[in-house]
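First to last, the sequence lines map onto chains R and C. According to UniProt numbering, the first sequence is numbered sequentially starting from 1. According to UniProt numbering, the second sequence is numbered sequentially starting from 1.
Treat the hints as calculated values from the structure; they're not laboratory data. Check the hints yourself; a few may be wrong.
Treat identical chains as interchangeable: a pair holds within one or across any two.
No farther apart than 30 Å at their CA atoms in a straight line, the calculated lysine-lysine pairs in the DSS-like style are these [claimed, not checked]:
| # | residue 1 | residue 2 |
| --- | --- | --- |
| 1 | 199 | 145 |
| 2 | 189 | 24 |
| 3 | 57 | 34 |
| 4 | 112 | 59 |
| 5 | 145 | 34 |
| 6 | 145 | 112 |
| 7 | 189 | 91 |
| 8 | 189 | 59 |
| 9 | 5 | 189 |
| 10 | 145 | 57 |
| 11 | 91 | 59 |
| 12 | 199 | 112 |
| 13 | 145 | 29 |
| 14 | 189 | 57 |
| 15 | 86 | 145 |
| 16 | 189 | 112 |
| 17 | 112 | 24 |
| 18 | 59 | 29 |
| 19 | 145 | 59 |
| 20 | 145 | 91 |
2 protein chains.
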Amino acid sequence: MIEEKGILFILSGPSGVGKGTVRKSLFDKDTDLKYSISMTTRPPREGEVDGVDYFFKTKEEFEDMIENNKMIEYAHYVGNYYGTPKDYVQKQLDNGNDVFLEIEVQGALQVKENFPEGVFVFLIPPSLEELKDRIISRGTETEEKVRNRLAAAKEEIEMMDYYDYVVVNDQIDTAVQTVQSIVRSEHCKRERVAIQYKKALERDES
Amino acid sequence: MIEEKGILFILSGPSGVGKGTVRKSLFDKDTDLKYSISMTTRPPREGEVDGVDYFFKTKEEFEDMIENNKMIEYAHYVGNYYGTPKDYVQKQLDNGNDVFLEIEVQGALQVKENFPEGVFVFLIPPSLEELKDRIISRGTETEEKVRNRLAAAKEEIEMMDYYDYVVVNDQIDTAVQTVQSIVRSEHCKRERVAIQYKKALERDES
Chain R
1 MIEEKGILFI
11 LSGPSGVGKG
21 TVRKSLFDKD
31 TDLKYSISMT
41 TRPPREGEVD
51 GVDYFFKTKE
61 EFEDMIENNK
71 MIEYAHYVGN
81 YYGTPKDYVQ
91 KQLDNGNDVF
101 LEIEVQGALQ
111 VKENFPEGVF
121 VFLIPPSLEE
131 LKDRIISRGT
141 ETEEKVRNRL
151 AAAKEEIEMM
161 DYYDYVVVND
171 QIDTAVQTVQ
181 SIVRSEHCKR
191 ERVAIQYKKA
201 LERDES
Chain C
1 MIEEKGILFI
11 LSGPSGVGKG
21 TVRKSLFDKD
31 TDLKYSISMT
41 TRPPREGEVD
51 GVDYFFKTKE
61 EFEDMIENNK
71 MIEYAHYVGN
81 YYGTPKDYVQ
91 KQLDNGNDVF
101 LEIEVQGALQ
111 VKENFPEGVF
121 VFLIPPSLEE
131 LKDRIISRGT
141 ETEEKVRNRL
151 AAAKEEIEMM
161 DYYDYVVVND
171 QIDTAVQTVQ
181 SIVRSEHCKR
191 ERVAIQYKKA
201 LERDES
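With the rest of the complex left out, here is chain R:
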């Protein structure tokens, strides 16, 4: 049997763009995707289960993992650590499961460094689209306002450069379908498929 490895998909984008909503809707539709379980030092809340909601660790354990380069990404937030353990993700991928990571832009950049073979999807708000239209048409707004928006848009565009795909979140259903298309087509990328075939043939010859 040829074991196809899973793919790590990273969904990110500016805050407020609706990453969580898209991710939830995607998981309702696609049960094959594994959502990456985060690791944290904050104590479990009632009903939270270790290894399901989070991996709960002590501060010492977490810092040990950081030091040993065992985190794909992490952040310190209101006195606690949050992050994605490398081992868990790698195990899922090795088992042929796709892993889906929904994460803030800053965390996504860390993932890009530690896991460049991931597929990075940038979700942008439709307001940027609108802004784009406004910018190129003759504007009726004050020059300063246009300039500020332009600056913000540019910052977002620079973030884009780290990503493989850009999806406009105008309608959740459409955005989810587009992300599903990306998942599907990434599995047909020649690099991935050809490697499998070649491995299969080599195995026969040896």
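Starting from the known structure of chain R, arrange chain C on it as the hints suggest.
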């Protein structure tokens, strides 16, 4: 308005794999795609319309176009030329239409040379999949037969290297959906989207 350029998609694969069936089913579902109209020197049959079924040309006109590098690909077959005119494809792309080219492997390689920015999809038969399974399991066939199949599979795999995607045509509906996913996700590629945004912003500044 930002005009998004169309994308040239090339569907190819070994003969008999079902390229035509997949293409027809795709066009039934997706009316936005433009099927590339071929150019030929063979005389029109009854009911065939110039510019709809084919672009009909004389031998001299066709050879003139070959000489002036105006064909994306062409072949000589039973005394007549057949090929894809560059101008027609480029005009469709400039108008924002995706163009879909279903073509034999030899023609696809010509397209690759003349239009490397196209998206190349390789359709493979499920029998190659089966073969692959057979090769890695203990075979009951004669050694020679296995060796011949292996050789054929290898030739096909080498062709794969020129392509961006590999789609297994096990079920037509599934294959068509996969091709649709590829079309959709290619439009979200960051390189394409980012260029549009950057152009829009530059236009505003100038």
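Handout entry: Identical-chain pair category, residue 199 with residue 145, by Cα at 30 Å
Key = between (57 Å within a copy, 20 Å between copies)
Exercise for the section: Could you figure out if residue 112 and residue 24 sit no more than 30 Å apart (CA to CA) within one copy, between two copies, both or neither? Expected result: The answer is within: 23 Å in one copy meets 30 Å, while 40 Å across copies does not.
Problem - Same-copy or cross-copy closeness of residue 112 to residue 59 [CA-CA at most 30 Å] - result: within (25 Å within a copy, 55 Å between copies)
Practice task
Measure nothing new, just compare the shortest in-copy and cross-copy C-alpha distances for residue 57 and residue 34 to 30 Å and report within, between, both or neither.
Solution key: within (21 Å within a copy, 56 Å between copies)
Problem - Intra- versus inter-subunit Cα pairing at 30 Å for residue 5 with residue 189 - result: both (13 Å within a copy, 22 Å between copies)
Problem - 30 Å Cα threshold - placement of residue 24 relative to residue 189 - result: Cα proximity of residue 189 and residue 24: in one copy and across copies (26 Å, 23 Å).
Exercise for the section: State whether the alpha carbon distance between residue 145 and residue 59 is at most 30 Å within one copy, between copies, both, or neither. Expected result: neither (44 Å within a copy, 61 Å between copies)
Exercise for the section: Tell me, please, which holds for residue 145 and residue 57 at an alpha-carbon limit of 30 Å: within, between, both or neither? Expected result: Cα proximity of residue 145 and residue 57: none, with 46 Å in one copy and 57 Å across.
Exercise for the section: Check residue 189 against residue 112 for me: Cα-Cα at most 30 Å, and say if that holds within a copy, between copies, both or neither. Expected result: both (20 Å within a copy, 17 Å between copies)
Problem - Identical-chain pair category, residue 145 with residue 34, by Cα at 30 Å - result: neither (42 Å within a copy, 41 Å between copies)
Problem - residue 189 and residue 59: within-copy, between-copy, both or neither at 30 Å Cα - result: neither (41 Å within a copy, 40 Å between copies)
Problem - Within, between, both or neither, where residue 91 and residue 59 count as close if Cα-Cα is 30 Å or less - result: Intra 24 Å, inter 61 Å, cutoff 30 Å: intra-copy only.
The structure shown violates the earlier hints numbered 5, 6, 8, 10, 13, 14, 15, 18, 19 and 20.
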